[in-house]
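Residue numbers (our numbering), protein chains in the order written: chain A, -12 to 281; chain B, 159 to 437.
These are calculated hints, taken from the structure and not from any lab test.
Incorrect hints may appear among the rest.
Far from chain A, some chain B residues (derived; all Cβ distances over 10 angstroms) [claimed, not checked]:
#1 T160
#2 E162
#3 T169
#4 A210
#5 G212
#6 S217
#7 E227
#8 M232
#9 V240
#10 R352
#11 E400
Computed beta-carbon distance windows for the label pairs [unchecked claim]:
#12 I119/A / R165/B: 47 to 55 angstroms
#13 F136/A / G295/B: 38 to 46 angstroms
#14 L270/B / V182/A: 38 to 46 angstroms
#15 V182/A / S397/B: 49 to 57 angstroms
#16 E52/A / S217/B: 45 to 53 angstroms
#17 G399/B / V20/A: 45 to 53 angstroms
#18 T173/B / V94/A: 16 to 24 angstroms
#19 G90/A / P325/B: 28 to 36 angstroms
#20 S397/B / V94/A: 28 to 36 angstroms
Beta carbons are placed, not taken as given, at the ideal position from N, Cα and C, and that holds for glycine.
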Amino acid sequence: MSTHEVFTDRLQAGVLLLPTMVVSLLFLYYPTVRAIGLSFYQASLARGDVFVGLENYRRLAGSTEYLRSVLLSVLFATCVVVGVMAVALCVSFLIHEIEVGKGLYLVAVIWPYALPPAVAGLVFLFIAHPNIGIFTSYIEALGIDVNWFSNGPQAFVVVLIAAVWKQIGYNVIFMTAALGNVPESLTETAELDGVSRTQRLLRVYVPIISPTLVFLVIMNTIYGFFGTFAMVDLMTKGGPAGATNILIYDLYRTAFQFYEFGFASAKSVVLFVAVGLLMYGQFRLSDRYAYYGG
Amino acid sequence: MTSERIRRFETEQLTLHVLAATVAFLIVLPVVIAALVSTKRAGIVTSIGDLAPGGHALSNYRRALIGLEFWRYMLNSFVMSVAVVVGKLIVSLLAALVIVYYRFPYKNAVFLFILFTLLLPVPVRFVPLYRLTTELGMGNTIFAITVPYLASATTVFILRQHFLSIPASLVETAKVDGVGPLRFLWSVLVPMSRAVLVGVSVIMFVYTWNQYLWPLVIINAESLQVAQVGLNLLRGQASTGEVAWSMVMTGSILTLLPPLALLVLFRRQLLETFTIQQK
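Turn these sequences into a full structure, and let the hints guide you.
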């Protein structure tokens, strides 16, 4: 690596690094530090900031509404991760096993990577609409009353399906790449031993691509927590009765509907700690379980 | 292979093709429905039979773009995305150049400082960021939706990984020729990194184009708003009956097209770049 280092002018190095460092400090680090500071204040746009110590955190700890939002977000993110990865793994394996014409299928399943979450939300709002949705009459024919504008669990499921749909593409991109790197000899050995297709996927491929899977668990979790904001905003506005009020939506409302910036900052700090723990978890997990052979 | 084994192989492949085609169809279906609805007048489709394409495609897209001024949102999204892609690319290229090709003290600390920003996505800092940008007088301007995005741990990381994979011997030659750093970047590194530069540009474009939360809170002048939030306004109008649902689907398809086109056109470079990111 050291042979790459052909330049030694420190002043030059500093100048070239300056843009990244300034933007990072001003727009990434400083706001984070400020969120921590602001979380000890009662702050709104109209009135001045009043120091309240740990009051915001005390309020958070005692709020059953917030606790509900935390549990809801964890449940939602878990469903997103499991749903997306199960579907994407099957799809990627299917495409991997095809000998001729993979390319076309690949484009047809990875495109939702480019899909804006807002569009995903609106399209699902439209096709699953309780009154005018195209699939509504068919689902009601099965005996299910489609009323997710007032039925919490239904709303949760509809937003979840939209969220999973949008994230399939991203997962298939990484999974097909990982499956493509599995040594051909392993597949041949498994086939000679008479291992069935499903067994080959679960016993041979999944352990080998586990580093990719660990990486995707983390990316999907972050997506489940944050990336689905637009869908919630466009489809349910956190409702009905808080059934889809995930943490990021709750935070948005605290800041921009109730203008409680201090309280919102405390909630931001909680999110920051959560992201930190997740990333740390990835670090440890990929060290412990991931396969690094080949 | 015996003829029986060949036949078994062929049936298996056929089954796989049928399954894959079904899955692909299901994944594409919601957007196909949206596209079909965008060609109809009212856009009320309550059964599969209603899905036949209508004859209002041209008038719908014209009405959305011109009548409802969606062109303005699209233009704002374009300006934002192109500015972020170009700015981020330049800023990150310079940073990656220093991190790979310079010898200086505390280099690892600098790299960690950049990587650590992965822990600070927009959602955990948009509340204080809102205050900061407003105080800087940048609220409600194009700067508010571009400048905060210019530092990117992901892009610097991908470029660094790529630069490290370029053989050091090539670099030595440039050094012997006494080429300066910017000249070296422009005439040695950039030509050797075309696929990766295209790949990260697509990743950055899709990321920026699809931003929703930050423009929603920081931009409140409709004339400066981006397409994603413009959709929110359309949705509101559809719910109150001011515009037909086919208008909402027309806006959705318009908003989907730019990132989708880039993905289809540059999928090879995109896939290649993602492989680097994961290492």
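Structure-inconsistent hints, enumerated in ascending order: none
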